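Colleague: Given next are the chains, with one letter for each unit.
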Amino acid sequence: MEGMTYLAVGYFGMVVGIGLWTYTVVVRSRHLSDRLDAMEAALDRLDHDGEERA
Amino acid sequence: MTTTFKKVGPPQLTMKVRVGEALLLTGFLGITGTLLLALLWAPSVSLEAFESPAAQRIFYWHVPAAWAAFIAFGALFVGSAGWLFKRSERMWRLHVAGAEAGLATGLITVWSGCVWGAAEWGTPWDWSDVRLNTFGLLTLLAVYLVLGRASQPDGIETRDTFAGFGLYGFVLVPFTYIATRIWAIRHPGPVVATGEEGSINGDMGLVLLVGAVSFTVLIVGHLLTSMLITNSEQRLLHLQRRMDGGER
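These protein sequence lines are chains A and B, in that order.
Going letter by letter, the first sequence gives residues -3 to 50 in the working numbering.
Going letter by letter, the second sequence gives residues 203 to 450 in the working numbering.
No lab work stands behind these hints, which were simulated from the structure alone.
Only a predicted model underlies this, so the values are computations on that prediction, with no experimental measurement involved.
The beta carbon of each residue, even a glycine, is placed where N, CA and C say it ideally should be.
Treat the hints loosely; a few may be bogus.
[Claimed, not checked] So the derived list for chain A, only partly shown, Cβ under 8 Å to chain B, looks like this:
| id | residue |
| --- | --- |
| 1 | Gly9 |
| 2 | Val12 |
| 3 | Gly15 |
| 4 | Leu16 |
| 5 | Thr18 |
| 6 | Val23 |
| 7 | Ser29 |
| 8 | Arg31 |
| 9 | Leu39 |
| 10 | Asp40 |
| 11 | Arg41 |
My request is simple: use the sequences and hints to build the entire structure.
Modeller: Structure representation (structure tokens):
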């Protein structure tokens, strides 16, 4: 590889790498937030059902 | 192990996540802009001074990435010390965030340095250069901490081991910082904070400043988001145990 092509590949690799990393962090954060909401809603329902039976 | 989790209500959680995400995305746009400024606007360097003047433009990412890596390793150090001496959950989350951020920025620094070294020196790495090797070791430390945490069950002993590595590994940071001042082997000497007039002109300094600010915003965004992710993971585990009937 010569000159600017080499540099372009180097830069492109970094931009794609850090872009993917940023995207992964955001997706992980949102996914966990959704799972927590679902889990808390399920637990609230379980607690509510338990109180009704009692 | 008894763990207490700070229950963050959905509106607050959403706001904090959004602040972290906003900083992450702003930082990413900033570093992309830095790249464009470096390629299209920053002045060229002297043809006599460099073997590969075009590759020198990588410096506008390499130096700010290294700066961000030092911030991340600083967070790792504070988090490790906070966990070991105060047993603080918040400090453990800072340790985790610092290790992940240190890994990402460390890899960018190493990768950009290798690209430049291959163009300028004809070799991507020099095993006799102290700066290169101490920084490489720091990045390997972050690799160990991130992969280790992912593969080991969470517990006091595991955390103590990783925090110990985070604490003592930090000694490499000042060592790396002064390496080019003491041993000028292959890595170029400092161009900022040299105590005398630097070797970069105004426009170069401006692009470097934009890069440093952008990488700082990116890394702070990552630290905030990653700390919240760790908190969410721990809360999720706690709720799963409750659901299975183990805890109330």
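Colleague: Now, for every hint given, state plainly whether the structure supports it.
Modeller: Against the structure, the hints come out as follows:
no. : hint  : result
1   : Gly9  : holds (7 Å)
2   : Val12 : violated (11 Å)
3   : Gly15 : holds (7 Å)
4   : Leu16 : violated (10 Å)
5   : Thr18 : holds (5 Å)
6   : Val23 : violated (10 Å)
7   : Ser29 : holds (6 Å)
8   : Arg31 : holds (6 Å)
9   : Leu39 : holds (6 Å)
10  : Asp40 : violated (11 Å)
11  : Arg41 : violated (11 Å)
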